[in-house]
Amino acid sequence: MADTTTRAKLRWGLLDAIVVVFALVPVLWIMSLSFKTPATLTDGKFIPQEWTLDNYRTIFQTDQFVRALVNSIGIALIATVIAVVLGAMAAYAISRLDFPGKRLLVGVSLLIAMFPQVSLVSPLFEIERQLGLFDTWPGLILPYITFALPLAIYTLSAFFKQIPWDLEKAAKMDGATQAQAFRRVIAPLAAPGLFTTAILVFIFCWNDFLFAITLTSTERARTVPVALSFFTGESQFEDPTGAICAAAVVITIPIILFVLFFQRRIVSGLTSGAVKG
Amino acid sequence: MSDPDKARRRRRPRVRAVAAAAALTLVAPMAAACGSGGDGGTPTINLYYPPEQNLQKVVDDCNAQAQGRYKIVYRVLPRQADDQRVQMVRRLAAQDTGMDVLGLDVTWTQEFASADWIREWTGQDRAEVEQGTLAGPLETARYSDKLYGAPKNTNVQLLWYRKDLVPQPPKTWDQMISAAQELKQQGKPYRVLTMGAQYEGLVVLYNTLAESAGGKILSDDGKQAVMDAGTVRALEQLQRFATSGVTSPSFSNATEDPVRLEFQSGDGAFQVNWPFVYPAMQEADPELAKKVGWARVPGVDENTPSKVTIGGINMAVSAYSKHPEESFEAARCIRNEKNQKFSAVNDGVPPTIEKVYDDPEMAEAYPMKDTILEELKEPAVRPLTPAYQSISTVMSAILSPPSAIRPEQTADELRDAIADALESKGVLP
Amino acid sequence: MSVNATPAGAEVAAEETADRATAPTRRAGRGRKAPLSENKRAERRLGWLLCAPAALVMLLVTAYPIIYSVWLSLQRYDLRFPAEREFVGLENYVTVLTNEFWWTAFGVTALITVVTVAVELVLGMGLALIMHRTLVGRGLVRTSALIPYGIVTVVAAFSWRYAWTPGTGYLANLFSDGAPLTERASSLAIIMLAEIWKTTPFMALLLMAGLALVPEDLLKAASTDGATSWQRFTKVMLPVMKPAILVALLFRTLDAFRVFDNIFVLTAGGNETSSVSMLAYNNLIRGLNLGIGSTMSVLIFLAVAIIAFVFVKLFGTAAPGSDDGERR
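Residue numbers (the working numbering), protein chains in the order written: chain V, 1 to 277; chain D, 1 to 429; chain F, 1 to 328.
Simulated from the structure, these hints should not be mistaken for lab results. As the structure is a prediction and not an experimental result, all values here were calculated from the model. Positions of the beta carbon are idealized from the N, C-alpha and C atoms, including for glycine. Incorrect hints may appear among the rest.
As the list claims (entries may be wrong) - So, partial list: chain F residues that the calculated Cβ filter (under 8 Å) puts toward chain D:
(1) 74
(2) 76
(3) 80
(4) 81
(5) 82
(6) 86
(7) 90
(8) 102
(9) 224
(10) 227
(11) 228
(12) 229
(13) 269
(14) 282
(15) 283
(16) 286
Put together the whole structure using the sequences plus the hints.
Shown next, in the form of structure tokens:
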């Protein structure tokens, strides 16, 4: 009996190892490239023979990258905050209130989640050009909010449904004001859901490439994923491989931190609706 | 999870993040405003130009000459022509005021002019640009009889051949093919190397053949697809060449640099390519370089000299520039006689001002200057139309691979595709 | 990027089930009071008020542009010929639908969609089983699997690109002596590999949600009855998981159909590897042809609508928004 469990454990361990390797190799590879010196960049070895931080120094000295990083962070944060606030309002209404048009809103959100974003590229390009929103922060924040909202609404309403709202009433009976009841009882219960939703929405905005490449043209609003594909080398004859890899690693860091610290939350956020009807 | 204290602690950073984000929104537009150069003091002229190693020295020289009237800043465009164009196009479509002077490939000038993105050259500026500039390059800068660009440099391919194998450079493509076939029979290096991949290089080759055969791809006003008998003969010539057994096996995949390298490796007897191959060869294999001569690219008919497609760059001023006057002046300075000579000697780009070719310094840096000048005086210009980008894309797709050309049928296909492109019905792949 | 929007779909199914389950009781409870009491009206107003901003933004940024793009698609509108803007009816549709490039791109997109979704379903099921049932290192596996899900697609695409570039890459040196990204078949294979790597974990997460619904005692019972593990999988697990599988399939199919980032970085559409999204982008940004670009936008929208419709029709009650049973 003990023997079979050890064997089973070994078997699962092997499968785990395959998954881990499969998932991590491309990430480790680009990290490895980012630490290679120009001389060893083309040696095709998985582990750098000579280590250097030069690529990182280079990108942080170029305006191109720093501006793009500021844009990426700023745009993703603002879009996340707005999407979570608007989403929380709608999710509260959906999970707590009864009003006509509720199902319609849910349906519309579903449609938008499935919407082919590329269909918006031509009209948005033209509309934003006319409104002067092209190549500005709001010009990207708006579509990001739109496509993050369905995600925010569904995740949040699944969370809100679990909150025992009766506690609020109980607190008020104990003499707390409405505001106090909300702050002391409801907000702490809702916070984890909001936080998880915020992470998911942030990852979504952080990831976008299609809108960023069509609706921006300069460092003014260009985000890092797009800036990566516009990097030019130090000289005419040099490919900026090292710099691209270093920049790629920098924008992967937040994702890795999220995943490391909030794995449980992200998994529950992504699966909550499906599991807890 | 439900510990209120924990929740409160966690909430704080978020508030701070919101505040930081709000602050960023306020700062961002200001930062952007600074970028485009304030109106007070010396205006900054942003020059967007393809990478050219010593152009910064030219820019410095012009800045010194300007004595504080303006300051040019050289912003290097990406290396690939397509990327250069896309970058400028998106910004102009957004009416970006941060671009002043643009270095446009000769084939984009009409497109940018038609879209009202660049300013017409008029008055004194125009007179100065037209003065002494070669007619061919100047023609590439015109659109509906107005001047939209100042040619800074031109470019033209030459025939490079092995003097030790070929006593006399061939006058026509057919002569070249038979000479190569003969060499092949003798077991000597015989290949005729040139660019045949599905890209602009193939269009350049076909345009050279078509113009040399007296053909017309477009009508003179650039509004109709013609594809006359001459262009069909050019198709026959291209097909004959591709199937003659003297091309490189990788002809249908070859671009400039691989062609140069293949010739350098000693396999070729002939090479049709841009002048940059010569200094490169001198550096890589000086022995071989001594055996290599140059001549005008062969023609299609024995008694009609060839017309060779020209490339190069025109300087244009953005319609959204806030300092148009200074921009015109700056553009003129960068392409003036002295600076064209500097760029020709240091970066190897052929000048557009005829007089520069007579300069004694040129003879050393540019031994093939007479042949280049000869070709430039009877040039082939690629179709002048705002839709060139689409036309070129569909042409290279239809012409590729050249060995599969069926002249009459291919000409019909080209005519239809070009007509569609001219009516904005061309679909890009 | 769009990957992240899809979980919403999984939830919708549950959402609406829950909705239906609670609504009647609530309505019944309220029925006792006078209809449209002050309270109820206030509740309605509050509900609308709270939903209005979200609804407004979503409509403004999707509905209006899509209508506008229908309008643009009926015109000759080329930024290079601003003076020649005119109404041309359905001409652009004829142009695109009779164009070889469009159908090539359509074929490429369809191929990528079918192959990647099929492979992801198999791999995703395996990964879901591992994440759900592994006896050791569950946290580690889940954390690692989330990395492809979270990573910026462009970053992953660059990693694959360099891995397959001769000279630079460990994979190119290992597997081939040519340049795999310059040939059509190998380029497409690499694009699909990159897509599968990136989205399998997401598929697995959706399937894991379904897996969690499989009652443990049912499995035990089957086991004591002498069922093999394969029988347990097909006879017990799959039927319970069916709704989750269909939701996952629908969302991954629609998502795969939008493939853009990977192609942009890996081949930029060279050697006939453009997807329809890539083609629309090229005609808009490189070609500056708003008429043709918008026509493609509308056609892609229609294609996606048709796929969604077919899914709902084919799988009927099991599709999102209409499944009632099994969830609880």
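**Study point:** Numbers of unmet hints, in rising order
**Key:** 1, 6, 7, 9, 10, 11, 12
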